[in-house]
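We have chain L; now place chain R onto it with these hints.
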Amino acid sequence: EAAVTQSPRSKVAVTGGKVTLSCHQTNNHDYMYWYRQDTGHGLRLIHYSYVADSTEKGDIPDGYKASRPSQENFSLILELASLSQTAVYFCASSGRDISYEQYFGPGTRLTVL
Amino acid sequence: SQWGEENLQALSIQEGEDVTMNCSYKTYTTVVQWYRQKSGKGPAQLILIRSNEREKRSGRLRATLDTSSQSSSLSITGTLATDTAVYFCATDVGDNSKLIWGLGTSLVVNP
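Those protein sequence lines, which keep their order, are chains L and R.
For the first sequence, the numbering used here gives the first residue as 37, with consecutive numbering after it.
For the second sequence, the numbering used here gives the first residue as 11, with consecutive numbering after it.
Worth flagging that the hints you see were computed from the coordinates, not collected in a lab.
The C-beta atom is built at its ideal place from N, Cα and C for all residues, glycine as well.
There is no bait here: all hints are sound.
In silico lysine-lysine, DSS-like type, Cα no more than 30 Å apart, as pairs:
#1 R:K66 with R:K51
#2 L:K54 with L:K101
#3 L:K101 with L:K47
#4 L:K93 with L:K47
#5 R:K48 with L:K47
#6 R:K48 with L:K101
#7 R:K51 with L:K54
#8 L:K93 with R:K48
#9 R:K51 with L:K101
#10 L:K93 with R:K51
#11 L:K47 with R:K51
#12 R:K36 with R:K66
#13 R:K66 with R:K48
#14 L:K93 with R:K36
#15 L:K93 with L:K54
#16 R:K48 with R:K36
#17 R:K36 with R:K51
Examples of chain L residues lying across from chain R (beta carbon under 8 Å, computed):
#18 Y67
#19 Y69
#20 H77
#21 G78
#22 L79
#23 Y86
#24 F126
#25 Y136
#26 E137
#27 F140
#28 G141
#29 P142
#30 G143
Same shape as in the complex, but just chain L:
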């Protein structure tokens, strides 16, 4: 069973503070992704990564950084958290096969006050 875990599961942060969201996968997948989901919206891609030590910008990268120190771990960093970054964040992984399937973590609910 594919497994993607995220920590923390929920977090309250102050405006201007630094927030780090962590993701760990045991799928041996090359690709990892960070999405945000807002109420009434679908999934929007923030950053993704093909390989360790390399990250790519997604559709809404402004205000976010990403780090992929190993194949298993992928972090999302908010250097200066803002109210508009309140959302649920999902991490996902996928393999280089032709199934295209993405396996998602349980999500992190971030509230910025």
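Just chain R now, with coordinates in the frame of chain L:
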């Protein structure tokens, strides 16, 4: 946007009814995937249909793909209350590195 306006939907039906959800896309794709997201969880893939397939079935699920009209549908027969979720369609961008996601259809199945 990859998706048409009609992708954002909310449906409420009674248990036992059949339901069909639709989505359309604007650019060429080789694969359409359907995902289900239950409350408080991450999305999980339900079914994948490739551009050379017109229909794919999996249990109570049936997906169709019409590449000429660039549209796909997901049907659920004999719905259960446990089918209550948001359903997303997603397409690839020509490789399998990332997906483009529709806005989703919120389905509520009343017991």
